[in-house]
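**Student:** Residues per chain, in single letters:
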Amino acid sequence: MNSFIAFIMGPMVWISAIIFVGGLLLKFIGIIQSVRKKEPYIFSYMTFKHSLRSMGAWLVPFFPKSTRLRPVYYGISYVFHILLFVVPLFLASHIVLFNEAFQISWPALNDRLADWLTVVVIAALVFFAVRRQMVPEVAYLTRASDYLMIAIVALPFITGFLAYHQWFAYRWMAVAHVLSGELMLIIIPFSRLSHMLTAPLTRAYMGSEFGHVRHARDW
Amino acid sequence: MQTQDNTMTEQSRTAADPKKEKATDPAVEAGLERLTPEQIRNTINQVLEKETGPRFKAYVETCMSCGMCADACSYFLSNDRDPHFMPAAKVKNTIWEMLAKKGNVSKDFLREAVHISHLECNVCKRCAMYCPFGIDIAYMMLLVRRICHKLEITPQYIQDTVNSHSVTLNQMWVKDDEWIDTLQWQEEDAREEFEDLQIPLDKVGADIMYSVIAPEPKFQAGLIYQAAALMHAAGMDWTMPSTPGWDNSNMAMYTGDNEISGRIARTFFETAAKLRVKRIVMGECGHAFRSVYDMGNRWNSWVMPPFEVVHALAFYHELLTEGRITIKEKYKKKVTLHDPCNVARGRGLHDKARQVVNMVCEDFVDMVPNREHNFCCGAGGGVINCGPPYKGERMVNNRNKAEQLAATGADVLIAPCHNCHSGLEDIIHHYDLKMEIKFLGDLIYETMEKKIYTPGK
Numbered sequence: 001m002n003s004f005i006a007f008i009m010g011p012m013v014w015i016s017a018i019i020f021v022g023g024l025l026l027k028f029i030g031i032i033q034s035v036r037k038k039e040p041y042i043f044s045y046m047t048f049k050h051s052l053r054s055m056g057a058w059l060v061p062f063f064p065k066s067t068r069l070r071p072v073y074y075g076i077s078y079v080f081h082i083l084l085f086v087v088p089l090f091l092a093s094h095i096v097l098f099n100e101a102f103q104i105s106w107p108a109l110n111d112r113l114a115d116w117l118t119v120v121v122i123a124a125l126v127f128f129a130v131r132r133q134m135v136p137e138v139a140y141l142t143r144a145s146d147y148l149m150i151a152i153v154a155l156p157f158i159t160g161f162l163a164y165h166q167w168f169a170y171r172w173m174a175v176a177h178v179l180s181g182e183l184m185l186i187i188i189p190f191s192r193l194s195h196m197l198t199a200p201l202t203r204a205y206m207g208s209e210f211g212h213v214r215h216a217r218d219w
Numbered sequence: 001m002q003t004q005d006n007t008m009t010e011q012s013r014t015a016a017d018p019k020k021e022k023a024t025d026p027a028v029e030a031g032l033e034r035l036t037p038e039q040i041r042n043t044i045n046q047v048l049e050k051e052t053g054p055r056f057k058a059y060v061e062t063c064m065s066c067g068m069c070a071d072a073c074s075y076f077l078s079n080d081r082d083p084h085f086m087p088a089a090k091v092k093n094t095i096w097e098m099l100a101k102k103g104n105v106s107k108d109f110l111r112e113a114v115h116i117s118h119l120e121c122n123v124c125k126r127c128a129m130y131c132p133f134g135i136d137i138a139y140m141m142l143l144v145r146r147i148c149h150k151l152e153i154t155p156q157y158i159q160d161t162v163n164s165h166s167v168t169l170n171q172m173w174v175k176d177d178e179w180i181d182t183l184q185w186q187e188e189d190a191r192e193e194f195e196d197l198q199i200p201l202d203k204v205g206a207d208i209m210y211s212v213i214a215p216e217p218k219f220q221a222g223l224i225y226q227a228a229a230l231m232h233a234a235g236m237d238w239t240m241p242s243t244p245g246w247d248n249s250n251m252a253m254y255t256g257d258n259e260i261s262g263r264i265a266r267t268f269f270e271t272a273a274k275l276r277v278k279r280i281v282m283g284e285c286g287h288a289f290r291s292v293y294d295m296g297n298r299w300n301s302w303v304m305p306p307f308e309v310v311h312a313l314a315f316y317h318e319l320l321t322e323g324r325i326t327i328k329e330k331y332k333k334k335v336t337l338h339d340p341c342n343v344a345r346g347r348g349l350h351d352k353a354r355q356v357v358n359m360v361c362e363d364f365v366d367m368v369p370n371r372e373h374n375f376c377c378g379a380g381g382g383v384i385n386c387g388p389p390y391k392g393e394r395m396v397n398n399r400n401k402a403e404q405l406a407a408t409g410a411d412v413l414i415a416p417c418h419n420c421h422s423g424l425e426d427i428i429h430h431y432d433l434k435m436e437i438k439f440l441g442d443l444i445y446e447t448m449e450k451k452i453y454t455p456g457k
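Respectively, the protein sequence lines represent chains W and E. 219 is the number that the numbering used here gives the last residue of the first sequence; the numbers go up by one with no jumps. 457 is the number that the numbering used here gives the last residue of the second sequence; the numbers go up by one with no jumps.
Isolated chain W, as found in the complex (with noise of 0.2 Å):
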């Protein structure tokens, strides 16, 4: 058992941040040679001005008309999404580790101000959840892997928020928040959560045919 959990708060660790980081990568570099291969126009239409001008519109809360339509649902996203990256990159316990392995560190968000953080976060997934019950056109679409992406991503945040506040069962707490953090990690590059990498691209390739083509927004 302590070699099990020594394991996957050791070595795991790595492994999962290098199949993130790799699998992401890999994906990557894959989509361009694919477009190389077999969709070279799209390189031919591209603009980095026009990229930037779209992911840059769309960056910016409530400016796309579409966004305004729904602007309960693309509020709490928006927030979401940015908490999804600036809660656990800024948490003090996690400064601590990177700081262990690679000797740096940065400023860490107030432990009860992250706490609190924690909470919106978790309380965004489960509005999230309710959200593709309850609206028509999401339910419409909803796929079971959409819940299993959902709870996937709110495990670790549960189980840190748990393993912090040590309620109870601490140590088995720490533990599932390493296993539920790693699972996500590993799940990123392979699922539609990868949406963080091809949605960039996307997006940059619609800005550029609506702007260097079309010559119109796509807000």
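Derived from the structure by calculation, the hints contain no laboratory data. It cannot be assumed that every hint is accurate.
[Said to hold, decoys possible] So, partial list: chain W residues that the calculated Cβ filter (under 10 Å) puts toward chain E: (1) 31; (2) 35; (3) 41; (4) 65; (5) 67; (6) 73; (7) 74; (8) 132; (9) 199; (10) 200; (11) 205; (12) 215; (13) 218; (14) 219.
Every residue gets a Cβ at the ideal spot worked out from N, C-alpha and C, and that includes glycine.
With the hints as your guide, set chain E onto chain W.
**Tutor:** For chain E alone, kept in the frame of chain W given last:
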């Protein structure tokens, strides 16, 4: 089976029920009859594997089913927000299913797929604009149409226009001599109004080649008369080709018959090249512009079209701002402007169009939403071209457009695109909107100073 007008009003009161049997036609049914499961599987897999690439893969993998595309779509809104009609659902019920079943889909599925891709989507790209990831649902609908084309189950009326394209290189079975006859007839008529007007045929080295779509000589020859009067009054150095290649319309683009589509586009550009013109000006058509500006040219490996192609709206703008045409007396009736997809979202000409309207008309009220956000007319993208069997449901699916038009309170609707014009005309009659519908060229012709431009004045 859809029947004639007396059942249409009944249908207009109820939203289309997808669980009810959907309309079909003899070509679809005969095509389905002929198919074997092996043909179905092989064709679908061939298209999805060999004719797509990382772009398609990204679109399928990246969709997070957030539902934001729903608000974009006229079909969704006109059918009381029925999820079946939302863009992502259209992809789910066609592409996702084909991928999941690896092409082993039933004939019933295919019948539904034909209907969804040809009759429940105008490929207007409003959804691509609403999607936070910029996923191009219209592209995927065209892919489904490509599959249907290869399976030979394209709806009858639109397939007929493609057959026409492949035989005569125009959409309406216009014969070579009929084309020339029509031009000469309009020239003769126009010379009664403008003594020295000419429609120069095959003038090599002219500045402009003017091109039209086949319905114009077939049943809207007056538009050629108007265009000639405009060119004459503006003193332009122009010509029209006497040979096939005069038709810039391209229905093959909308049935997924990319080979014929490419052939049409190539002939069109070769015709312009033979005449050594500096640029091509085209009439008020949306899909024709799309076909020469960014679809037909791509099939022929041109990144951008080899000639400058000027849409009528940009041309009117040029003529009016340069003073080559002056407006004698502005149009007085209250007008509103429809933004055709292929010209607004497709070419960003919505602001220029408004400038022209304001130069020509006194009382312009914009519809809401407008510009890139305007709703599709409901007729384009090949939908109206699928013909009478589907007119009833098209009227149901265009309800939100009717509501948008009615809200303007305008007397006249300007629809600077042939398909839009026809589709909106249907909507106006069906929903009893009491509006007149006009091309922008009609208004310019009505209000312009019909004298000849004199150099130096």
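**Student:** Confirm or reject each hint.
**Tutor:** Status of each hint after checking the structure:
no. : hint : verdict
1   : 31   : holds (5 Å)
2   : 35   : holds (5 Å)
3   : 41   : holds (7 Å)
4   : 65   : holds (6 Å)
5   : 67   : holds (7 Å)
6   : 73   : holds (8 Å)
7   : 74   : holds (8 Å)
8   : 132  : holds (8 Å)
9   : 199  : holds (4 Å)
10  : 200  : holds (9 Å)
11  : 205  : holds (7 Å)
12  : 215  : holds (3 Å)
13  : 218  : holds (5 Å)
14  : 219  : holds (6 Å)
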